[in-house]
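If you read the protein sequences in the order shown, they are chains X and S. Take the position in the first sequence, starting the count at 1, then add 1051; the result is the number in the numbering used here. Take the position in the second sequence, starting the count at 1, then add 1051; the result is the number in the numbering used here.
Treat the hints as calculated values from the structure; they're not laboratory data. Treat the hints loosely; a few may be bogus.
One copy or any two copies: either way a pair holds, since identical chains are not told apart in the list.
[Said to hold, decoys possible] Using 25 Å as the maximum straight-line C-alpha spacing, the simulated SDA-like pairs for lysine to any residue come out as follows:
no.: 1; residue 1: Lys1123; residue 2: Val1081
no.: 2; residue 1: Lys1114; residue 2: Asp1097
no.: 3; residue 1: Lys1100; residue 2: Gly1139
no.: 4; residue 1: Lys1117; residue 2: Leu1102
no.: 5; residue 1: Lys1100; residue 2: Arg1152
no.: 6; residue 1: Lys1123; residue 2: Thr1055
no.: 7; residue 1: Lys1062; residue 2: Ile1145
no.: 8; residue 1: Lys1135; residue 2: Gly1094
no.: 9; residue 1: Lys1117; residue 2: Ile1095
Protein chains: 2
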Amino acid sequence: MYVTSVNVYVKKDHVEDFIEATRANHEGSVKEPGNMRFDVLQGIADPAKFLLYEAYESEEAAKAHKETPHYKLWKETVEPWMDKPREGTPHRVICPVERSRW
Amino acid sequence: MYVTSVNVYVKKDHVEDFIEATRANHEGSVKEPGNMRFDVLQGIADPAKFLLYEAYESEEAAKAHKETPHYKLWKETVEPWMDKPREGTPHRVICPVERSRW
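Next comes chain X alone, as it looks inside the complex:
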């Protein structure tokens, strides 16, 4: 299993736009065959800071996500709303190891 966490910093006046575009990306992403989670979270202390938690069954499945129409549309749409570049960090999973718990 392979999880990418992405820290996203959005311009304050585009927070609602970002949420709408990212909901659409979420709905497309969770339908991908190798996707296990695609959680979208908003900071409580800083509502313009978001965390995307993208779990895939393999690195290949995570890479395939970046070729999907919903990802490409999202990337292009949100690009002008970024306050600074996104920070994506890939991880391996320690727990839980059972696929049924994803």
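Since the structure of chain X is provided, determine the placement of chain S on it from the hints.
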């Protein structure tokens, strides 16, 4: 729903110790009544950097976690292995909203 992401920086010679102690914390945490996920992830680029992804059904349930014996034992055990202070960030959940998808 309430998700805390915690970035943890571990001293290189205690990475395996940290994994063992954090597996025990994971097993205790997922049995808490308000817990929805307690994922433990290891950085691929930097295996001494970890991400804990702690999802609770409410802020109260997240606070109750810090009063559990498994959390207190974990905190005390891993404290000397930290390379720098942990960074915990609380979030509200944008997606998925259905409890069944947690």
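(request) Pop the pair Lys1100 and Gly1139 into one bin, within, between, both or neither, using alpha-carbon distances up to 25 Å. (result) both (14 Å within a copy, 14 Å between copies)
(message) I want to check one pair: Lys1062 and Ile1145. Are their C-alpha atoms no more than 25 Å apart within a copy, between two copies, both, or neither?
(response) Classified as between; 18 Å across copies, 34 Å inside a copy.
(message) At most 25 Å between CA atoms: does that hold for Lys1135 and Gly1094 within a copy, between copies, both, or neither?
(response) Answer is both; intra-copy 16 Å and inter-copy 22 Å each pass.
(message) At most 25 Å between alpha carbons: which applies to Lys1114 and Asp1097, within, between, both or neither?
(response) Between copies only: 20 Å across, 29 Å inside.
(request) Please work out whether the CA atoms of Lys1123 and Val1081 approach to 25 Å or closer within one copy, between two copies, in both situations, or in neither? (result) within (15 Å within a copy, 35 Å between copies)
(message) With identical chains, the pair Lys1100 and Arg1152 could be close in the same copy or across copies; at 25 Å between alpha carbons, which is it: within, between, both, or neither?
(response) between (27 Å within a copy, 23 Å between copies)
(request) Using 25 Å as the alpha carbon limit, work out where Lys1117 and Ile1095 are close: within a copy, between copies, both or neither. (result) between (28 Å within a copy, 19 Å between copies)
(message) Please sort Lys1123 with Thr1055 into within, between, both or neither, judging by C-alpha distance up to 25 Å.
(response) within (17 Å within a copy, 28 Å between copies)
(request) Check Lys1117 against Leu1102 for me: Cα-Cα at most 25 Å, and say if that holds within a copy, between copies, both or neither. (result) both (17 Å within a copy, 23 Å between copies)
The structure fails none of the hints (numbered hints given earlier).
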